[in-house]
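Colleague: Below, each chain spelled out in residue letters.
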Amino acid sequence: MQKKMWLMIALLLVIPGLLFMVGCQKKAVTQAKAPAPAPAPAPAPAPAPAPTKAPTPTAAPDTSGMIMAEDIYFDFDKSVLTPAAQDNLMRKAAWLRANPDVSVTIEGHCDERGTNEYNLALGDRRADSAKAFLVDLGIAASRLTTISYGEERPVCMQQNEDCWSKNRRDHFVVN
Amino acid sequence: MNRRIKLYIFVIGVILIAFGPGRCWAEYDVIDITKPFLRKIPLALPLFKNVNETAEEKQLSEQAAAFLSDTLDFTGYFKILDRSSFLFDPERSGVTLATINFQNWTVVGAELLITGFYEARNDRISIELRLFDTFKARRVIGKKYTGTKANQRSILLRFCGDVINYLTGHRGVFGSEIAFVSNGTGNKEIYACAFDGYNPRRVTNNNAITLFPAWSSDGKWMAFTSYKAGNPDLYIRNLEQGRETKISKQGINITPAWSPRKFELAATLSFSGDQEIYLLTGSGKIIKRLTESRGIDVTPSWSPDGKQFAFVSNRSGSAQIYIKDLASGKVRRLTYEGRKNTQPSWSPRGDKIAYTSEGNGGHDIFVIGTDGLNPVQLTYESRDNEAASWSPDGSLIAFSSNRDGPTRIYVMTAYGTDQRRLLVLAGEQTNPKWSTNHLNN
Numbered sequence: 010m011q012k013k014m015w016l017m018i019a020l021l022l023v024i025p026g027l028l029f030m031v032g033c034q035k036k037a038v039t040q041a042k043a044p045a046p047a048p049a050p051a052p053a054p055a056p057a058p059a060p061t062k063a064p065t066p067t068a069a070p071d072t073s074g075m076i077m078a079e080d081i082y083f084d085f086d087k088s089v090l091t092p093a094a095q096d097n098l099m100r101k102a103a104w105l106r107a108n109p110d111v112s113v114t115i116e117g118h119c120d121e122r123g124t125n126e127y128n129l130a131l132g133d134r135r136a137d138s139a140k141a142f143l144v145d146l147g148i149a150a151s152r153l154t155t156i157s158y159g160e161e162r163p164v165c166m167q168q169n170e171d172c173w174s175k176n177r178r179d180h181f182v183v184n
Numbered sequence: 481m482n483r484r485i486k487l488y489i490f491v492i493g494v495i496l497i498a499f500g501p502g503r504c505w506a507e508y509d510v511i512d513i514t515k516p517f518l519r520k521i522p523l524a525l526p527l528f529k530n531v532n533e534t535a536e537e538k539q540l541s542e543q544a545a546a547f548l549s550d551t552l553d554f555t556g557y558f559k560i561l562d563r564s565s566f567l568f569d570p571e572r573s574g575v576t577l578a579t580i581n582f583q584n585w586t587v588v589g590a591e592l593l594i595t596g597f598y599e600a601r602n603d604r605i606s607i608e609l610r611l612f613d614t615f616k617a618r619r620v621i622g623k624k625y626t627g628t629k630a631n632q633r634s635i636l637l638r639f640c641g642d643v644i645n646y647l648t649g650h651r652g653v654f655g656s657e658i659a660f661v662s663n664g665t666g667n668k669e670i671y672a673c674a675f676d677g678y679n680p681r682r683v684t685n686n687n688a689i690t691l692f693p694a695w696s697s698d699g700k701w702m703a704f705t706s707y708k709a710g711n712p713d714l715y716i717r718n719l720e721q722g723r724e725t726k727i728s729k730q731g732i733n734i735t736p737a738w739s740p741r742k743f744e745l746a747a748t749l750s751f752s753g754d755q756e757i758y759l760l761t762g763s764g765k766i767i768k769r770l771t772e773s774r775g776i777d778v779t780p781s782w783s784p785d786g787k788q789f790a791f792v793s794n795r796s797g798s799a800q801i802y803i804k805d806l807a808s809g810k811v812r813r814l815t816y817e818g819r820k821n822t823q824p825s826w827s828p829r830g831d832k833i834a835y836t837s838e839g840n841g842g843h844d845i846f847v848i849g850t851d852g853l854n855p856v857q858l859t860y861e862s863r864d865n866e867a868a869s870w871s872p873d874g875s876l877i878a879f880s881s882n883r884d885g886p887t888r889i890y891v892m893t894a895y896g897t898d899q900r901r902l903l904v905l906a907g908e909q910t911n912p913k914w915s916t917n918h919l920n921n
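Respectively, the protein sequence lines represent chains A and B. Count the first sequence with the numbering used here and you get residues 10 to 184, in order. Count the second sequence with the numbering used here and you get residues 481 to 921, in order.
Isolated chain B, as found in the complex (with noise of 0.2 angstroms):
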């Protein structure tokens, strides 16, 4: 009896992984991100078809659309086309794969097709969305969603996921969020925002310089460094309950990085006279020092499985980023080229570390094989670009930048292309800490 069910469930797994998802993937390249100067995808998103046709509903699914193009813009791995360069009125004609004419798209250049079947009806909204492989003439994703007009921004999202997951095998970085510092109140506070500058708000309330963001892999707790209680002392809070943790010893208390996926972190405490990377437990304990060297050893980054962690020392003499190797307790030193480097951020992926490198003319963003081999300049704007955080899948990196004046977040593809401001706020924006996926997506 027991054998048998066993037997089933085996010969149910096999279907499932023959027919399944996985089938999709075969029958369209996964992404290689990993690949430098990816060519863009060629992608037709045109207008939705609207159910009632009243004023709101064309509206609101315009809207839609619009979002859908820019979302997936966004990511780097689409070149959207030219709506006015479809060769009929997209919006009369069919969605669904019985009524598309799939050389109307591939003659326009698109490999990819997303329509829409859009109902608003009072406060409801139902959206149906297809993504079409144009040359294979085949429905590769159809879903539909129904909820609010306040739940568009999230069933849009959730589509996109289903997108990127189909093309890269990974649901991409529409639950993430992005932290800073802004200075827009006249003291430095913490701010978060949605990975594309959405919705900015404020994380902390110090009034005192704060510093430093860093989030958990679960996204529930921020550790920061604040002088709310007039040293540089650090927090780690808990986001939503917004109690906090401070450790506060003499010196400097900077530069917190979380263990991944475990409630404990690294940071830069001066205690002992020397300014050392130690280990601390989510409820901030010491649990062992980290680094054994005179001078500054600051600003840890974790690889993704834990094992090593990037950190800025000046044990050479000047500023360079070196790797510590927990297991043996080795170190050794990454950058050589570039009279200072700092700021390493450790890829998700594992493979790489971007790094801010002082140039003659100011700062760059660099990214390095974790082997120390072939640096790659990412920026190349004459004034600073500083503070390299990656996307959670290793495809996008946040960073500052003062090239248009003061200084703002942008985000690039990993490859350094579609640098683009994120958001605009009072003040100036430094310090992006990109979070994990964390949010329901």
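Chain A extracted, bound-state conformation (with noise of 0.2 angstroms):
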């Protein structure tokens, strides 16, 4: 009996002193360890958007056609598609299913820098970008024309890159 005794009045001590012992060598690890979990709240605001992004092509299945209004733009001499420019093709590629009669015709411009005939061929590329990107979203080729002013169609004539940047364009005709 008194042995237990002695035994539960050990057990009392010994494990509070084990308690606060891995306390400590917890806070200890947490500490050294500090950096590494920081990063890792990074990566929750990332689903945020996501639901937010997500809403955008659904929710706006905008029936009056003014997404294909709107020009996306291109990097300096470059006709591959920017992240921007993807997400405004997929909000096109949602109107275009739901308005399955239309076709369109994509023009392809530049900047009026570099000379005009490499431009009328980055019009080119940048039109046949937009086309076999909506095409890979299930728009049927067939209704897609593609065309390329190069530089001889601006839209800003200033010579300034806030300029330059309108002129680099594909601009979406619907017939």
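No lab work stands behind these hints: they were computed from the structure. Every residue gets a Cβ at the ideal spot worked out from N, C-alpha and C, and that includes glycine. Hints may contain errors.
Residues from chain A that keep clear of chain B, each with C-beta distances beyond 10 angstroms, as calculated [said to hold, decoys possible]: (1) Met77; (2) Glu79; (3) Asp80; (4) Tyr82; (5) Thr91; (6) Ala93; (7) Ala103; (8) Asp110; (9) Phe142; (10) Ile148; (11) Arg152; (12) Val164; (13) Gln167; (14) Asn176; (15) His180.
Residues on chain B that point at chain A, a partial pick, calculated with CB under 8 angstroms [to be verified]: (16) Ile689; (17) Leu691; (18) Phe692; (19) Asn711; (20) Ile734; (21) Thr735; (22) Ser750; (23) Gly753; (24) Gln755; (25) Ala799; (26) Thr822; (27) His843.
Fit chain to chain and form the complex, with the hints in mind.
Modeller: Okay, here's the thing in structure tokens:
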């Protein structure tokens, strides 16, 4: 009985001690690893925009076709679609699916820098990039025609980056 | 009998070679236009001596002397001496070998002298023109031309061709034209003018964007791109008859370049989904594909022998100039300096390629050896200098520049000297293309 008591007392003293020690160790560990978990919260916001992004294509089947009037823009001397351009084209694809009877002419344009022969070829590639992306999203290729205007039809006439960036575009004409 | 005739022809041939034009060349070193920083030859061109001395004759005669002076100056070979520096009244002095005191000319620095004997009667004109080497006190050309007053320009250009032929061994640029694009009507259309900007005229009437004129070697055909049917299509036009063939494939149909002395042309088409250069017949049929690289391949320019062509490709990431050899199929990169290099133009002499290089401030014209060595910058203006095109003799380069505001056509020598504006029309002028020396001269 007494032995049991002693054992109990010993346990009562040792366990909190152990707990305390474990507590200390844990603290030390968390401190040491502090920088590591820091990026962990970063992915946390990532899923957050996903729900906000997701509604845009679904919630805006845009019956007016306003989305088609929006140009998409390119980086200098590039025909690769930017994330913003891809996002815009997904919304265009949604509208085109909702309006299966329309066909679209995709015009590729360039800023005035570079020489006009090269720019006509670059505009051709820009129009093709948008067409290929829409076809990948299930829009029939027969509904999409392309034409390059190179640097021949700028929308902005000043010579500065702001203006040039507006001219490096695909313009969409609904037929 | 036959043998004897052959022998006579041979003997006559030898005599002609020994004492004919070849002898003239030997006396005056043939100008080597491949030599940079060419020294200009001081040339005296006094007013002509008039026969009847009527007011009209005097006026026509002065116009003729001024035109001759301007045209020879245009070539870049001469320093035309100021008439006020001449030591005596040239109109009253001699125009023939026997009556000229050459010391009067050598002392003012003239190495060449041109004299004229001018007569105008009713609608007819008669011009005697002589070229003298003042140091050797020799007449080297003496010609008499007659025609109507309307022929004056062509008569004087013929004499200019004789002078340049004497000095260089070829007839120069006087029978050539320059095609270009102008947007004066509100649309870009193709125009053409004489080598010196004279008599600009509209070639296309498409009321749509029209670009990239290209002359065939005989000057009878012009290819170009136009949006007149909506798409950038390629047209091949017979200039005399006006009839056209259209190449209208899906995508772009652009940058035609005629193969030298053939009824074939290279052009960029993108119907395959990729911008590639193809060889086409003059009637628009595809002979074969000439480039095989994913990405942009555009703006072919043929070597004078038609065995190679330069072109622009972005296969390395940025637009650069490459050369393809047709026989071996090998492609080599020509330009390495400069962010982007486009618009190659192969010299008719074969040894150099002019092109447009993108720098910090804009575009400038460069010339590079076909071996890719020694790129030389020819324009240093702060704005854009683009679209070089060689004259048929390789001595001059036409290009476009906005250095004075609107874009205009300019001409300079192959070494970048004597840069001057060719003409001013409404709107802006771009994409000059120099023809061969195909007009009668």
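Colleague: Could you run down the list of hints and mark each one as holding or not?
Modeller: Evaluated hints:
1. The beta carbon of Met77(A) is kept farther than 10 angstroms from every beta carbon of chain B, the shortest such distance being approximately 20 angstroms.
2. Interface exclusion of Glu79(A) from chain B stands, the closest Cβ pair being 23 angstroms apart, more than 10 angstroms.
3. In this structure Asp80(A) is separated from chain B by more than 10 angstroms, as the shortest Cβ-Cβ distance comes to about 20 angstroms.
4. For Tyr82(A), the shortest C-beta to C-beta distance to chain B comes to about 20 angstroms, beyond the 10 angstroms cut-off, and the non-interface label holds.
5. At roughly 18 angstroms, the least C-beta separation between Thr91(A) and chain B is larger than 10 angstroms, which holds for a residue marked as non-interface.
6. With a least beta-carbon separation of about 23 angstroms from chain B, Ala93(A) lies farther than 10 angstroms from that chain, consistent with its non-interface assignment.
7. Remark: the non-interface label on Ala103(A) is consistent with the geometry, its nearest Cβ contact in chain B lying 26 angstroms away (cut-off 10 angstroms).
8. Every beta carbon of chain B lies more than 10 angstroms from that of Asp110(A), the smallest distance being close to 22 angstroms; the non-interface claim holds.
9. Every CB of chain B is more than 10 angstroms from the CB of Phe142(A) (nearest about 14 angstroms), matching its label as outside the interface.
10. A cut-off of 10 angstroms between C-beta atoms confirms that Ile148(A) is not in contact with chain B; the least separation is 17 angstroms.
11. Distance to chain B confirms Arg152(A) as a non-interface residue, since its nearest Cβ pair spans about 15 angstroms, more than 10 angstroms.
12. The Cβ of Val164(A) lies farther than 10 angstroms from every Cβ of chain B, with a closest approach of about 16 angstroms, so its non-interface assignment holds.
13. At the 10 angstroms boundary, the C-beta of Gln167(A) stays outside the reach of chain B, the nearest C-beta of that chain being 15 angstroms off.
14. With 10 angstroms as the threshold on Cβ separation, the claim that Asn176(A) sits away from chain B holds: the shortest Cβ distance comes to roughly 16 angstroms.
15. Look at His180(A): its CB is around 15 angstroms from the nearest CB on chain B, clear of 10 angstroms, so calling it non-interface holds up.
16. The restraint placing Ile689(B) at the interface with chain A holds, with a minimum CB-CB distance near 5 angstroms, inside the 8 angstroms limit.
17. With a cut of 8 angstroms, the hint placing Leu691(B) at the interface with chain A holds, because the nearest CB-to-CB distance is about 7 angstroms.
18. The restraint placing Phe692(B) at the interface with chain A holds, with a minimum CB-CB distance near 7 angstroms, inside the 8 angstroms limit.
19. Because the beta carbon of Asn711(B) sits about 6 angstroms from the nearest beta carbon in chain A, less than 8 angstroms, this interface hint is met.
20. Interface restraint check for Ile734(B): the shortest CB-CB distance to chain A comes to about 5 angstroms, inside 8 angstroms, so the restraint holds.
21. Below 8 angstroms, beta-carbon pairs count as interface contacts, and Thr735(B) has one with chain A at about 5 angstroms; its hint therefore holds.
22. Satisfaction of the interface hint for Ser750(B) is found here, the shortest Cβ-Cβ separation to chain A being roughly 5 angstroms, below the 8 angstroms cut-off.
23. Checking Gly753(B) against chain A by beta carbon gives a least distance of about 7 angstroms; that is within 8 angstroms, so the hint holds.
24. With its C-beta approaching chain A no nearer than about 4 angstroms, Gln755(B) sits inside the 8 angstroms limit, and its interface hint holds.
25. With 8 angstroms as the threshold, the beta carbon of Ala799(B) comes within range of chain A, its nearest partner Cβ sitting at about 5 angstroms, so the hint holds.
26. Hint status for Thr822(B) relative to chain A: holds, with the closest Cβ pair at about 4 angstroms, below 8 angstroms.
27. Contact between His843(B) and chain A, as hinted, is supported at the beta carbon level, the nearest pair being about 7 angstroms apart and thus within 8 angstroms.
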